[in-house]
Amino acid sequence: MFDPYSPYQFWFFNGAAAERYPLENESYLIVSIRFGTYEGRPAFCAQDGVSYEVGGSEGEVYYTVSQYQIVKQHHLYCYGAYVYDGNDPEALQYQTETVQDYLNEGWTEVMRDGDWCVLRRLELDGELICAGSADFDRLTNKYGEIQNNFRLNEKLVFDGSSLWGMISEPWSSAGEMCAALRGV
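Going by the working numbering, 156 is the number at position 156 of the sequence shown; the sequence numbering is gapless.
Any given hint could turn out to be false.
What the hints assert, rightly or not - Now the in silico label distances, taken between C-beta atoms and shown as ranges: (1) TYR82 to ALA134: 23 to 33 Å; (2) MET111 to ASP88: 15 to 25 Å; (3) LYS155 to GLN95: 44 to 54 Å; (4) ARG151 to ASN87: 43 to 53 Å; (5) LYS142 to THR96: 28 to 38 Å; (6) LEU92 to ASN149: 42 to 52 Å; (7) MET111 to VAL71: 34 to 44 Å; (8) PRO89 to GLU127: 32 to 42 Å.
No lab work stands behind these hints: they were computed from the structure. Every residue gets a Cβ at the ideal spot worked out from N, C-alpha and C, and that includes glycine.
The task is simple: from the sequences and hints, build the whole structure.
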């Protein structure tokens with residue numbers, strides 16, 4: 001029976017029986033789920049992490065759904081850092097790395113805020129995208145293309161800030177689930 005207050009659980013058919021899909025094994029911290037399509041196929045996107053702005057990290061894991069199968073397509077991740085870049089000895093005593101250290105490790109500068117610098121670093125399917133590397137532009141473009149290939153179905157909204165919530169209605173078959181994800 002459908003319980004709207006249960007955590008989201010995704011199931012797939014392993015060839016012999018239904019099995020719960022272990023989303024938690026493919027992410028750092030799933031905080032929300034969005035339904036829609038990826039490259040025209042029924043899909044969902046699991047938000048991974050909370051926020052990368054000002055020293056955190058967040059990502060997205062994209063999955064497609066076909067009949068009873070869930071297939072991971074891509075895992076994007078973005079790290080953020082808010083680093084002091086001034087000359088105040090008090091502020092510097094608590095800092096272990098400088099802005100230049102971050103830049104040398106392949107982080108990119110997003111903006112400056114007085115004596116502070118906002119930096120970020122992207123990861124695509126486990127591969128760090130380092131500024132200055134030969135693949136930087138290609139991988140950064142691919143990162144953006146992946147995000148643009150997901151189309152949200154606004155009729156199927158997730159209600160809640162954690163995995164507790166409800167979908168508009170339960171599905172009785174894989175066909176119904178795929179149609180709902182496509183927005184039909």
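Range hint 44 to 54 Å (beta carbons of LYS155 and GLN95) holds or violated: holds (48 Å)
Verdict for MET111, ASP88 (Cβ pair) under range 15 to 25 Å: holds (20 Å)
ALA134 and TYR82 - C-beta distance against the hinted 23 to 33 Å: Roughly 29 Å apart at Cβ, these two residues keep to the hinted range, so it holds.
Range hint 32 to 42 Å (beta carbons of PRO89 and GLU127) holds or violated: holds (38 Å)
C-beta pair LYS142, THR96: status relative to the range 28 to 38 Å that was hinted: Holds - the Cβ-Cβ distance for LYS142 and THR96, about 32 Å, lies within 28 to 38 Å.
Hint check for VAL71 and MET111 - Cβ pair distance inside 34 to 44 Å: holds (37 Å)
CB-CB spacing for ASN149 and LEU92 relative to the 42 to 52 Å hint: 43 Å Cβ-Cβ, so the 42 to 52 Å window holds.
Range agreement (Cβ of ASN87 with Cβ of ARG151, hint 43 to 53 Å): holds (48 Å)
This entry satisfies every hint, going by the numbered hints stated previously.
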